[in-house]
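Hey, can you work out the whole structure from these sequences and the hints?
Line by line, the protein sequences are chains C and S. 327 is the number that my numbering gives to position 327 of the first sequence; each next residue is one higher, with no gaps. Count along the second sequence starting at 1, add 378, and that's the number in my numbering.
Some hints here could point you the wrong way.
Keeping only pairs whose Cα atoms sit at most 20 Å apart, straight-line, the calculated SDA-like set for lysine to any residue is [claimed, not checked]:
#1 Lys657/S x Asp633/S
#2 Lys491/S x Asn470/S
#3 Lys266/C x Ala681/S
#4 Lys533/S x Pro515/S
#5 Lys301/C x Asp69/C
#6 Lys265/C x Gly614/S
#7 Lys266/C x Ala679/S
#8 Lys265/C x Ala681/S
#9 Lys301/C x Asn384/S
#10 Lys301/C x Leu388/S
#11 Lys50/C x Leu24/C
#12 Lys301/C x Gly665/S
#13 Lys265/C x Ala679/S
#14 Lys491/S x Thr582/S
#15 Lys574/S x Pro305/C
#16 Lys301/C x Pro72/C
#17 Lys181/C x Ser193/C
#18 Lys265/C x Lys574/S
#19 Lys396/S x Gly410/S
One-sided excerpt, in silico: chain C residues whose CB lies under 10 Å from chain S [said to hold, decoys possible]:
#20 Arg148
#21 Lys301
#22 Gly302
#23 Ala355
#24 Leu365
Derived from the structure by calculation, the hints contain no laboratory data. The model shown is predicted, which means the values in this text are computed figures rather than measured ones. Note that beta-carbon positions come from the ideal geometry of N, C-alpha and C, so glycine has one too.
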Amino acid sequence: MDFAWNSEQQAFRQSVREFLDNNLPDNWEALAHGPGSEAQTSFSREFCGKLAAAGLLIPHWPAAWGGRDADPWTAFILAEEMWMAGEPRGGQYMNVNWIGPTLMKYGSPDQQQTYIPPMANGQTLWCQGFSEPESGSDLASLRTRADRDGDNYKINGQKIWTSYASDADTCFLLARTSPGKGGISIFLIPMDSAGITVRQIPSIIGEGDIHEVFFDDVTVPETARLGEEGQAWEIIRTVLSLERVGIPRFALASRMLQRAVSLLKKAGRYQHSAIEQSARANAACEAARLYSYSIIDQRSKGIEPGPEASAGRFATVNCERLVSEFVVEHVPEALAGEQPMLLAHHQRGIVAGIASGAAEIQLNLIATELLQLPREPR
Amino acid sequence: MDFALNDDQLAVASELDKLAARFDTSPVDFHGFALVSNELDQQLEENGFFELASMDDMGPIAAALATERLARQPYTAEIALSMLLRPMLDINLPRPFAVIENGRPGRFVASAKTLIIIDGDAIGITHPAAAHVEALPDSLYAYPMGRLIGSPDIKPLPAEQAATVRTWLRVACAAEMAGLIKAAIDATVEHLSVRKQFGRPLGTFQALRHRMAECTVLAGGVRNLAFKAAWSGDAGDAALACFHAQDSATRVIYDVHQMSGAMGMTLEMDLHLWTYRMKALLSELGGRGGQSTAVAESCFAEA
Ligand SMILES: Cc1cc2nc3c(=O)[nH]c(=O)nc-3n(C[C@H](O)[C@H](O)[C@H](O)COP(=O)(O)OP(=O)(O)OC[C@H]3O[C@@H](n4cnc5c(N)ncnc54)[C@H](O)[C@@H]3O)c2cc1C
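Structure below.
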């Protein structure tokens with residue numbers, strides 16, 4: 001057991017920090033507010049282009065696709081530093097983490113040539129069309145249909161909560177080609193296809209984040225399908241395993257906790273229950289951090305993380321919750337708009353237990369797979 | 379960064395497993411609180427386990443692993459302080475160790491050869507004579523409790539050494555708590571898996587499954603933070619680990635008792651061995667308030 005970073009890892013982290021120092025504009029914190037806003041999206045395109053040029057967008061991708069085969073630690077250190085800075089990559093983090101690698105594994109040569117280079121250059125934005133009004137945690141019940149129509153498919157249905165949909169170039173869509181879990185297929189759909197309507201959903205979590213996406217007789221060729229008909233569930237499992245650690249949320253939460261305490265100290269308000277609550281939140285951030293590191297450690301040794309990944313996700317939910325609650329109680333001016341970065345963190349933090357899989361579903365998995373409790377009756 | 383045990387640590391873990399196996403069930407007729415084994419103590423002593431932290435290829439992390447592992451046994455002895463504090467002070471100090479915090483009763487005080495005396499901000503050390511201490515046989519805590527009755531000569535420790543003592547007491551508390559929490563969860567999971575009500579095992583009810591899952595997430599956090607603190611010896615890491623241990627245990631104790639029903643109230647299930655050891659640790663080093671102050675000083679110093 002050893003908790004030290006090696007010199008290569010330290011140097012890499014330092015190089016990412018220097019890149020951020022040199023490339024984030026002075027007004028970045030005001031811009032970071034609203035992860036899917038037009039202002040941030042256009043900034044992210046420029047920023048990701050620069051990251052790509054500096055070799056810092058996809059270091060963990062295979063050399064054949066423009067990466068340098070870096071190990072999982074490199075990818076995670078990069079993700080930590082980006083998220084800690086307020087995620088200047090915007091929605092492109094999805095390309096880097098899982099959409100690109102999924103296409104490398106399952107895409108046809110045409111799909112790979114079309115979609116991977118723009119991701120590697122930081123020039124394209126995707127959205128993830130999974131959730132539907134009637135299918136959230138129970139994703140396998142989704143109803144959006146893709147019906148065969150000669151050499152084409154006709155897609156009809158509705159997606160919801162789709163992040164980045166209004167600016168995305170392409171949608172990674174799940175649609176039903178036949179009944180049951182084994183009847184779901186994946187389609188890669190240009191968002192400017194005829195029949196797609198995107199509506200932004202006003203929300204408490206910032207401008208431009210979540211959307212409804214309607215598909216009315218959207219016609220796509222068979223070549224838009226990723227993998228075989230009915231292969232979605234298998235592919236999704238791979239995708240989710242790439243995403244299992246999730247976003248290194250603890251990194252920003254921990255930084256914002258430091259900032260909140262610093263504001264309190266300056267104002268002479270760091271006292272009484274604030275001291276104990278800051279300790280509790282700090283311990284939760286560090287617990288989440290070590291969980292994530294232990295999972296990356298496994299992955300770097302070629303072990304696919306099991307239910308501990310769910311435990312790590314839940315620890316992260318705890319830390320986001322405690323930091324958010326700390327700020328609301330002790331630095332209320334942040335939510336009144338006086339501290340844009342604390343406000344932006346609040347808006348991101350409150351979805352930690354819902355976005356990319358609800359916390360209670362993680363608890364179900366932990367109970368069954370980690371604790372080995374008898375299963376719930378179905 | 380590497381969470382796997384190295385070969386030396388694996389060897390210690392396997393030796394400990396072998397040793398611990400002899401102390402892994404309470405006697406059938408045991409209906410008491412403090413289940414202590416002098417034989418366990420002697421075995422650990424004879425096999426050099428109390429020196430792990432000062433051994434070159436082992437270090438404090440091996441001592442923390444051993445402390446966590448041994449805390450999962452129903453039989454106990456004065457282990458944590460001897461493993462994690464003594465080597466940091468002076469490996470030649472006589473053991474058992476115990477702490478008197480602001481005049482309160484403490485664990486293993488009646489048998490201690492070295493007593494750490496915490497009095498507000500001051501920390502001193504003494505070697506009490508038999509007349510200076512007495513046992514408290516009516517204690518509910520599942521450790522032998524004792525108190526100081528005389529006034530032995532106390533040697534004050536310089537500030538730097540006092541800080542070292544606080545840090546390693548915190549690491550010891552977190553490592554021991556990690557083992558206790560794990561044992562309490564294991565016992566409860568077993569109960570939930572076999573006890574049936576409404577025609578099905580209790581463990582199939584989601585209201586209980588989720589609470590147990592939350593407890594186990596906390597348990598993993600306590601464990602990692604304790605090991606990290608043992609590895610770094612940093613005052614901030616130790617304070618965070620100890621805070622998280624005491625905070626998590628507060629919740630776990632309630633949940634495991636609640637889910638064990640009346641059976642958990644008996645002296646037969648052994649649940650009290652874990653929960654009333656945890657309860658003894660909850661107040662140490664000022665409890666959560668004390669750890670918070672330390673976190674504020676160490677982790678938010680630059681905020
Ligand atoms: C900010 C944000 C961004 C998102 N972005 C996207 C995106 O880009 N693409 C996309 O497809 N989706 C996206 N989502 C949707 C997200 O994946 C879903 O919100 C999530 O899967 C939960 O589904 P739901 O909201 O329908 O909640 P529900 O499934 O209705 O759950 C509501 C509550 O019930 C609980 N619950 C449900 N089932 C069980 C059960 N069996 N046992 C116990 N409790 C249960 C849940 O844990 C939760 O607490 C996003 C969500 C958010 C908040």
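Here is how each hint holds up against the structure:
| no. | hint | result |
| --- | --- | --- |
| 1 | Lys657/S x Asp633/S | holds (14 Å) |
| 2 | Lys491/S x Asn470/S | holds (12 Å) |
| 3 | Lys266/C x Ala681/S | holds (9 Å) |
| 4 | Lys533/S x Pro515/S | violated (29 Å) |
| 5 | Lys301/C x Asp69/C | holds (15 Å) |
| 6 | Lys265/C x Gly614/S | holds (18 Å) |
| 7 | Lys266/C x Ala679/S | holds (13 Å) |
| 8 | Lys265/C x Ala681/S | holds (8 Å) |
| 9 | Lys301/C x Asn384/S | holds (14 Å) |
| 10 | Lys301/C x Leu388/S | holds (18 Å) |
| 11 | Lys50/C x Leu24/C | holds (11 Å) |
| 12 | Lys301/C x Gly665/S | violated (39 Å) |
| 13 | Lys265/C x Ala679/S | holds (10 Å) |
| 14 | Lys491/S x Thr582/S | violated (49 Å) |
| 15 | Lys574/S x Pro305/C | violated (32 Å) |
| 16 | Lys301/C x Pro72/C | holds (9 Å) |
| 17 | Lys181/C x Ser193/C | violated (27 Å) |
| 18 | Lys265/C x Lys574/S | violated (53 Å) |
| 19 | Lys396/S x Gly410/S | violated (26 Å) |
| 20 | Arg148 | violated (40 Å) |
| 21 | Lys301 | holds (8 Å) |
| 22 | Gly302 | violated (12 Å) |
| 23 | Ala355 | violated (19 Å) |
| 24 | Leu365 | holds (8 Å) |
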